[in-house]
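Enquirer: As a plain string of letters, each chain reads:
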Amino acid sequence: MASKNIDLRRFPGFLPLTYLCLFLLYTPLIIVMIYSFNDSASITRWDSLSLRWYREVFFGVEAPKFRTATYNSVTIALLAATSATIIATMAATAMLRSGKFRGKSASFGLINLPLMVPEIVTAVATLIFFSAIGFTAGYLTIVLAHIVFCIPFAYLPIAARMQGIEETFEQAAQDLYATRFQTFRLILLPLMYPGILSGFLLAFIISLDDFIITNFVKGAGVETLPTAIYGAVRQGIKPNIMAISTLLLVVSVVFVTLSYFVGRMGDKKQ
Amino acid sequence: MAAGPQPTPNSSTSTYAGFGVPLILPAWVIIGFFLVLPVGIMMVYSFLTKEFRGGVIWEFSLSAYDQFFFYRGLFGDEAPTIEWTYIIIFWRSIWQAAVATLFCLFIGFPTAWFIATRTGRNRSIWLFLITIPYWVNLLIRTISMKFLIRDNGPMNELLINSGLISEPIHIINTNLAVQLGLFYSYLPFMVLPIYAAVERYNFALSEAAADLYASRTVILTQIILPTVKPGIIAGCILVFVPSLGAFLAPDLLGGAKNFMIGSLIEEQFKGAAGNWPFGAAASMILLSMVLVVLTLYARQQTREQG
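Protein chains in written order, with numbering that gives the first Met the number 0: chain U, 0 to 269; chain E, 0 to 305.
Derived from the structure by calculation, the hints contain no laboratory data.
Hints should not be assumed to be uniformly reliable.
[Said to hold, decoys possible] Calculated lysine-lysine pairs in the DSS-like style (CA-CA distance at most 25 Å, straight line):
| # | chain 1 | residue 1 | chain 2 | residue 2 |
| --- | --- | --- | --- | --- |
| 1 | E | 228 | U | 237 |
| 2 | E | 256 | E | 269 |
| 3 | E | 269 | U | 237 |
| 4 | U | 237 | U | 99 |
| 5 | E | 269 | U | 64 |
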């Protein structure tokens, strides 16, 4: 009976399992962060705290290689995320603000298609495609491949945001003889801003994160940070890899946190 | 009929009515040209003859699929028997993905439940904590896992120093290591859809059941689980599908003995084995398996809604 006053939201064992979940998610990352500050040249023995491997990353023998890879990764992510965000914003406007049009239901499937095809299959297909049309694999092929899988990630927060904005604002603007372009630029876009930024940041991280597809379409010579790290790790995990990993980890966390707060900031304003 | 009278705009007309096609066009062009068309070409390639230095000869051939399913002796002149090598690799991938999915469900369901029963700010903080690791580079997460569970890694060191074990637990390069890696890669995919389902769960149902003297176990298995089932199924698919074609976890944690589909395919394009039609055929088979899973899921969903 309800008067027995048992909390039906609680189940014995669920709380420990939740803590176990957090523990499993964070332990490997925290351990790598700790060991990146290890002075020892061996990854198995703990010596003392030092920034030795961070110096190694920035100024060591392999520094130029990783610097180029970082430059490639960041510029590719910027290009891919910007293109994907523009395409996704247009697509969201079509899906949510343009009434019915031909191929609308198919469009929804198409936008989400990159999420459904396994990454390795996309990688193979893209490699074969560029080879078949005689396109030399390199920087441009990576950017094109990245735009494709960034689109659904940019689309999700943008569409979610647009769904939450009532169309009455735009209708009011139209009633006051604003052109469609003015309505878009002066009404929808400012309201959409948090969604667009959040979509851009997610696309940026997804692009920065990608290994498999990049590895297939990069061709010889062009390396991104993940492919460079993977290449280095093949011979075993070295301490400088842990320093790079820690740096990249911090960058990702900062970006996601930004994206999260940007998304919420807009919610409160309304 | 095209040049009929202009329809009078009704009051609920959309702002950009009529612009749907040009607005959606860039998405169609990019995804169509760089994903749909490539998958089509990949299918064509799977029916071509292999070129030994990589690439293909434009001659129709079923040999890629034949090689996948049949063994015809060293010189290809024996009566075909079933070739088990690749079937076993696919079977292992299905098994590994399934075990990883179960791990994720076992940990993910209680976590999702716990988060969904928090209130306000607490809930968003918990959600945030669970999703953050997902945004950390997958390669780095896999390397971290490898670093942690190595024979002489921090985990074993801690266990030996604390006197719990005397010999290191050997996990790396075993099936378990791959399962752990996959679990670690996709856990948030299990938590989020279940969380969304539990959040919508009406606790009046639990109360009604409790009033009728249902035990906790009965409430959980007879009422809660059936109600949040769509979330559980969605979570399982979101973990199972990417696990099936995963490359990094089996490659870095599994070693040569625990080959999965992803590595098999990669080897055809990157490694010494270099057989593009065969790699394309294996990709086609993987893609069809995923499409079957997704179609079954879509059908089940429409059946439940209809």
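Enquirer: Within 25 Å, alpha carbon to alpha carbon, are residue 237 of chain U and residue 99 of chain U?
Expert: violated, 56 Å
Enquirer: Next pair to validate is residue 228 of chain E with residue 237 of chain U; report whether the Cα-Cα distance is within 25 Å.
Expert: Violated. Residue 228 of chain E to residue 237 of chain U sits at ~44 Å, over the 25 Å cutoff.
Enquirer: Taken at face value, is the distance from the CA of residue 237 of chain U to the CA of residue 269 of chain E at most 25 Å?
Expert: holds, 24 Å
Enquirer: Compare the distance between the alpha carbons of residue 256 of chain E and residue 269 of chain E with 25 Å, and conclude whether the hinted pair is satisfied.
Expert: holds, 19 Å
Enquirer: Has the given pair, residue 269 of chain E with residue 64 of chain U, been kept, meaning a C-alpha gap of at most 25 Å?
Expert: Distance of about 21 Å is within 25 Å: holds.
The structure is inconsistent with the numbered hints 1, 4, although it conforms to all the rest.
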